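J.: First to last, the protein sequences are chains A and B. Residues 329 to 522 (the working numbering) make up the first sequence, in order. Residues 329 to 522 (the working numbering) make up the second sequence, in order.
These are computed hints drawn from the structure, not numbers from a lab. For clarity, every value in this text was computed on a predicted model and none was experimentally measured. Keep in mind that a hint or two might mislead.
It does not matter which identical chain is used: a pair holds within one copy or between any two.
As the list claims (entries may be wrong) - Computed list of lysine to aspartate or glutamate pairs in DMTMM-like fashion (alpha-carbon distance at most 20 Å, straight line):
no., residue 1, residue 2
1, Lys393, Glu520
2, Lys521, Asp431
3, Lys469, Glu384
4, Lys393, Asp471
5, Lys393, Asp423
6, Lys393, Asp494
7, Lys432, Glu520
8, Lys432, Asp494
9, Lys393, Asp347
10, Lys482, Glu520
11, Lys521, Glu404
12, Lys521, Asp471
13, Lys469, Glu492
Number of protein chains: 2
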Amino acid sequence: MTARIAPRTGVAIELARGDALVVIDPEGGQVSDLLAVSASDAGEIISNGRTFDYEETTLLTTGAKLWSNRSNVMLEIEEDTVGVHDFLLTPCSVDTFRHFYPDKPLHRGCFGNLAEALAPYGVVPDAIPVAFNVFMNVPVKPDGRLSVDPPTSKAGDFIRLRAEMDLVIGLTACSAYASNGGSFKPIDYRVEKA
Amino acid sequence: MTARIAPRTGVAIELARGDALVVIDPEGGQVSDLLAVSASDAGEIISNGRTFDYEETTLLTTGAKLWSNRSNVMLEIEEDTVGVHDFLLTPCSVDTFRHFYPDKPLHRGCFGNLAEALAPYGVVPDAIPVAFNVFMNVPVKPDGRLSVDPPTSKAGDFIRLRAEMDLVIGLTACSAYASNGGSFKPIDYRVEKA
Chain A
329 MTARIAPRTG
339 VAIELARGDA
349 LVVIDPEGGQ
359 VSDLLAVSAS
369 DAGEIISNGR
379 TFDYEETTLL
389 TTGAKLWSNR
399 SNVMLEIEED
409 TVGVHDFLLT
419 PCSVDTFRHF
429 YPDKPLHRGC
439 FGNLAEALAP
449 YGVVPDAIPV
459 AFNVFMNVPV
469 KPDGRLSVDP
479 PTSKAGDFIR
489 LRAEMDLVIG
499 LTACSAYASN
509 GGSFKPIDYR
519 VEKA
Chain B
329 MTARIAPRTG
339 VAIELARGDA
349 LVVIDPEGGQ
359 VSDLLAVSAS
369 DAGEIISNGR
379 TFDYEETTLL
389 TTGAKLWSNR
399 SNVMLEIEED
409 TVGVHDFLLT
419 PCSVDTFRHF
429 YPDKPLHRGC
439 FGNLAEALAP
449 YGVVPDAIPV
459 AFNVFMNVPV
469 KPDGRLSVDP
479 PTSKAGDFIR
489 LRAEMDLVIG
499 LTACSAYASN
509 GGSFKPIDYR
519 VEKA
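With the rest of the complex left out, here is chain A (with noise of 0.2 Å):
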């Protein structure tokens, strides 16, 4: 059964060793931000640090795996018909709207939304990296400047997750003007059981 997740909101989403996440952008061109923690202990959490290390490359697809500050693999990307993601870049936030959006009402983005998704699960603030930005399209310059660009993600897109360890998974629908090309549309996701 596919859940949707209303535009500029988040959720939270326990995943079982071995099942697959499916994050679909049904309308084409909306970001997805996702954090994973394990649901174990909620000290062991996503890491594009140690990912980049392990993975050799900033530019996760099939067959890429997403690993733990703890040095673990938390998910394996089985499939995905877009290829382009970003793991640079922290979730959108208050900061960062009144940052790059100083005319636009303010919002909790990203951040605020897997806050207090994720905070039942004893996740603080403080504790949020890097999200595994789903769809997120990032073009690094070779002198490293970096621009925020509309996703090249069209309607029905996917990327499929199989988790690697039992985990909690933050997943948004993002909130941010330039990631999404100026405006919110939703984001579904599946879970497949093992």
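With chain A fixed as given, assemble chain B onto it according to the hints.
T.: Chain B only, in chain A's frame:
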């Protein structure tokens, strides 16, 4: 007065707002992992993701600011004779030695050295994020693939960072083979009081 960090070790350094920390490569070709933590609250710590967000680049040199997980500026790079540093990869650790150097003796690495140096200040190992890896040379290809190459720093090269808040700094002479061109050298540093 210049102090020396012995090869494969680390120290903690207290900086008041306005102080500058000069990190020097005395022999050339040696990496130094740098962590910054707020002196008033160990929950506030350096963040590669927030820094990439606000600086809009992954390559940080003179003029760039290093940001915290709470979106505050911790340090500004005032002078930099090298211009090649890494902010993608996590500190080397027992786990990375096991992964990358299965035939070499295990070492606790920069991760273990930083954990010990910062424990008195309330930093727990799970909270250690990607460090700002001074002089570390990690070229990233257009397809995202990265490599850990020898530093380009020569004997006497340095970087000067100005503290924008009261900080505790964890600083190492890095312990990993690839990062340092295969040999382990000291790192020098100097605090210039405001």
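J.: Would you pick out the hints that fail for this structure and give their numbers low to high?
T.: Hints 2, 7, 8, 10, 12 and 13 not satisfied by this model.
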